[in-house]
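Enquirer: The residues making up each chain are set out below.
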Amino acid sequence: MPLTERGRELLRRLPGASLPQGPGVGCEIVRHEERCVGCGTCARVCPTGASARSDLLDVGQLLAAPAGTRRGELGAALRRIMRHPPRDPVPVPPRVVTLRTIVYDAGRCRGCGACARSCPADAITALPPRAAEATGGDGP
Amino acid sequence: MSAAPTAGARPLVLLCECAGTMPNLDFPRLAAELDGEAEVRRDGYWCGRRGQAVIRELAAAAPGRRIVLAGCGRDFAARRFRRLLDRGVRLEVADIREGCSWVHPVDDADAVTDKAARILRAAVRWPEPADDRLAFGRRRQEVVVIGGGVAGTQAAVELAQMGHPVHLVERRPFLGGRAARIGTVFPTNDCGQCLPATEAQPGTRKCFHRNLALDHPNLTVWRRATVEAVEGRPGDFTVTIRQLPNVVTDACVNCGRCEEVCPVEASEPGRRAIFSELYDGRVVRTVDLETCTFCGRCAAACPVEAIDFTQSPRRVKVAAGALLAAVGCEPARRQHFEYLGYGKPGVITQVELAERLDEWEALAALGRLPARHVVMVQCAGSRDRRHLPHCSRLCCMIALKHAIRLRTLFPEMKVTICYLEMRTAGVGYENWFLAARQAGVEFLRGTPPEVQTDGRGRPVVEVEDVTAARKRVLRPDLVVLSTGMEPAAGIEELADRLGVQRDVDGFIDILDRKNRATETSVEGVFVCGSASGPKALIEVTTEASAVATEIHAFLASRGRRTTAPSEVDPGRCVGCDTCLRLCPFGAVALAPRPQDAPRPEGVAAASLLATIDPGHCRACGICAATCPELAIRHNVSDEEILGRLAVLTDGVEAPVVGFYCRECAGAAIGLSGQRRDRYPANVRLIELPCVGRLSAVHLVEAARRGAAGVFVAGCAEGRCQYRRGDESAAEQMRLAREALAAAGEAVPMELWHLCAADRAGVGRRIRLFVARALGDSETLAALEREATLVDGGANGCAGCPAAAAGPTAGEATAAADGRGPDRAREGGERCGCRA
Chain A
-11 MPLTERGREL LRRLPGASLP QGPGVGCEIV RHEERCVGCG TCARVCPTGA SARSDLLDVG
49 QLLAAPAGTR RGELGAALRR IMRHPPRDPV PVPPRVVTLR TIVYDAGRCR GCGACARSCP
109 ADAITALPPR AAEATGGDGP
Chain B
40 MSAAPTAGAR PLVLLCECAG TMPNLDFPRL AAELDGEAEV RRDGYWCGRR GQAVIRELAA
100 AAPGRRIVLA GCGRDFAARR FRRLLDRGVR LEVADIREGC SWVHPVDDAD AVTDKAARIL
160 RAAVRWPEPA DDRLAFGRRR QEVVVIGGGV AGTQAAVELA QMGHPVHLVE RRPFLGGRAA
220 RIGTVFPTND CGQCLPATEA QPGTRKCFHR NLALDHPNLT VWRRATVEAV EGRPGDFTVT
280 IRQLPNVVTD ACVNCGRCEE VCPVEASEPG RRAIFSELYD GRVVRTVDLE TCTFCGRCAA
340 ACPVEAIDFT QSPRRVKVAA GALLAAVGCE PARRQHFEYL GYGKPGVITQ VELAERLDEW
400 EALAALGRLP ARHVVMVQCA GSRDRRHLPH CSRLCCMIAL KHAIRLRTLF PEMKVTICYL
460 EMRTAGVGYE NWFLAARQAG VEFLRGTPPE VQTDGRGRPV VEVEDVTAAR KRVLRPDLVV
520 LSTGMEPAAG IEELADRLGV QRDVDGFIDI LDRKNRATET SVEGVFVCGS ASGPKALIEV
580 TTEASAVATE IHAFLASRGR RTTAPSEVDP GRCVGCDTCL RLCPFGAVAL APRPQDAPRP
640 EGVAAASLLA TIDPGHCRAC GICAATCPEL AIRHNVSDEE ILGRLAVLTD GVEAPVVGFY
700 CRECAGAAIG LSGQRRDRYP ANVRLIELPC VGRLSAVHLV EAARRGAAGV FVAGCAEGRC
760 QYRRGDESAA EQMRLAREAL AAAGEAVPME LWHLCAADRA GVGRRIRLFV ARALGDSETL
820 AALEREATLV DGGANGCAGC PAAAAGPTAG EATAAADGRG PDRAREGGER CGCRA
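Residue numbers (my numbering), protein chains in the order written: chain A, -11 to 128; chain B, 40 to 874.
Quick caveat, the hints were computed from the structure, so don't treat them as lab data.
Watch out, some of these pointers could steer you wrong.
Stated by the list, open to error - Chain A residues, not near chain B, derived (Cβ > 12 angstroms throughout):
#1 Leu7
#2 Ile69
#3 Pro77
#4 Thr113
To be verified - One-sided and incomplete, this derived list gives chain B residues near chain A with beta-carbon spacing under 8 angstroms:
#5 Thr617
#6 Ala781
#7 Ala782
Source: prediction; values computed, not measured.
Using N, Cα and C, we set each Cβ at its ideal position, and we do this for glycine too.
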């Protein structure tokens, strides 16, 4: 569970409290895949590699995305040009910059929130840390 | 836990009895309490001649040994011991006078001595951060001035005369800017082409085109040039200048044959593609590169072969220690005043009227009347949220100038000025208003929402006359719109290149609206004239001279006193952007982590690492307080703040903790102490460089140590000396409050904004806060009564017993749920009898 060093310092003094969100406390990352355009900015700014760009494009995700979203549009376009679009992820050539699937690994996330601040598509939200779980019995 | 004292030896504490002014301190006990931690020497008063001589000997006997003076506060000590400090003796200060004895009850020697002992112990354990001189190295002496209007040219000329090589970069082919192009200017009613005269020329001012100052060997003028890029750091910039060719060379004798043969009509009316403007007299002729077809007829016609089409644009890099943005402002674009019928026949702007006035002068000589009634509409598009929100400050004076001129030229002409307020603030400006009245100009209070046209194509102005409270319909021959000024075109890109911030109106933001009108948010980049907001010539020339002196002082400076800059621990920094975003001085950079740099667990090898530029860092501590990974070390460490907190509050019953910055709030608290404004001894103060250093961790720790209340005192609202320290502190306080509330341990917390003017109220404020925090209804009632007497009942309700009866229900709940009492008070539940 993401919790920064400073969040830990706070919790050491306030065992059992839940932390509000604020500069440097740490946050929980929620990704809204339907808004993601796959630009990879989050992967570029992520300090720990918790967000990473995959070499594969998850076509199924595109096709399942709701209409009106960027991914949904792409899915619809795909359906128009291909009779049987592949259901499995397909490799993306290296020169294609966007469109990639972003893989987020919560286990590596430290909750700094850099990705949420830098996401151009507003596809990442930083929520207050779920601190009670984060303490993990780490008392004062 | 504590930072090791320097130079091994125990620190020397000079315990000062301050000539018996501290009767509530038990000095033998104080000395005994420190035994073992420091060597204590007592004296009646150390600041006397004899005492200072002893200190000098002591300092000379053991160089490097810390000397802590326990007595008066730092500001007072700095003055009393000035000569010692100037000789290089380093004195640390433990303030047991203004910070303890003088402000606490006279009769409670036990508690006051206990607090003084704790202050001393904290001072002994944690050395004051050294105030060292930060050397910049030598700053480059060149200056790049952007903009060759009156402001830029005057500043450039003055800087050149002070001995700085100056590059004056002007976008147009001619110097002089807007002031030279408009005819006459107020308040002198002559041209705006003057520069201060040089010593070589008699008089106080000379025209641009005759002024020898422009030929100063230190001055390089880049015409038709723009600044393309700025790199480097304050004192050592590299500026890329791009210059377009002038086509016409210096050989030109201004015979005008080229203009006769030129077949191209330029964008400005009545002008050929090759043209002349006689503003500054150095370049007399140039080619409009946008319309020129390069047919070559002018070159063939030129008798002196002064036309050279083979020149190409060039790009030059120059070094500079400082930059000056003097790009001026521009008349508002038409979209801002089209709602007033601009574009319809009979509706023009003041600028266009100025152009017509020259022709009208000829008509006046013939006894003809070009218009019977002229209506001027002030604030056309200005002070209007939909258009230009700011006041352009010049339009009132321009309207007055033109109205007087019209009335003088044509006594039969009726001139009406529709205005909201006439803003004639300036030396002698009000006389213009009076002169206009005398000249018979009609002033009509109220501006029309629109200008219509009647069947014959004449403008109709329907306006609410506010003074007479009736509607008026005017049918003038001419409507003149007094339009405002807006930031010069391209200011956005320039601001980006320079890295300076712009204000809400789009002009270049000045660093401080009260004290530093020519500095920008970037050190080494200055601004003067209308680039930071529309200004009249007198202000522009004053600012130009001021900025020249300021740049001169900046370039001459070799260093500044500062505490040690903050440092990033690469072993803990994960390379997020928190510090980068929050640093008010742009001192933080994120760069790829070097291969050999340590990195915290779980962080990728290809990650980023924050670095702090010591030249930019002002050691405010905002980054150290907010770093998620506690990776930034400030010269006042977290261990020190938490340690001081422990020393000051351990075993104290219900202490009230106050954090304050050593800038404005420090001055207010220090002065309050000088006034001996007393407050309870359970108040424990911790000084910080800036409240930005304060972290939620510190606040929570204070609460955990049993603090009954915590207050944080920073500089006056919006006046933080480190720009954003109070914002950061407010955010940290919110965090701490919410976290504490979640844990069910709410403690009253307040953020105060203090400045030296508050000195008389600080003591009372602290007493009130303590009484509220402790729920001491008796004291609170007494304080409320006192406030009623002082404010004459304006602040509280004198007749209402509830107001004087202690914390009301609203405040009690506010304290319980962690909101500040002030906020609860805003709810209006304080005094029921008002309903």
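Enquirer: Against this structure, judge whether each hint is valid.
Expert: Comparing the hints with the structure gives:
| no. | hint | verdict |
| --- | --- | --- |
| 1 | Leu7 | 6 angstroms, violated |
| 2 | Ile69 | 36 angstroms, holds |
| 3 | Pro77 | 23 angstroms, holds |
| 4 | Thr113 | 17 angstroms, holds |
| 5 | Thr617 | 6 angstroms, holds |
| 6 | Ala781 | 4 angstroms, holds |
| 7 | Ala782 | 4 angstroms, holds |
Violated hint: 1 only; the structure is consistent with all others.
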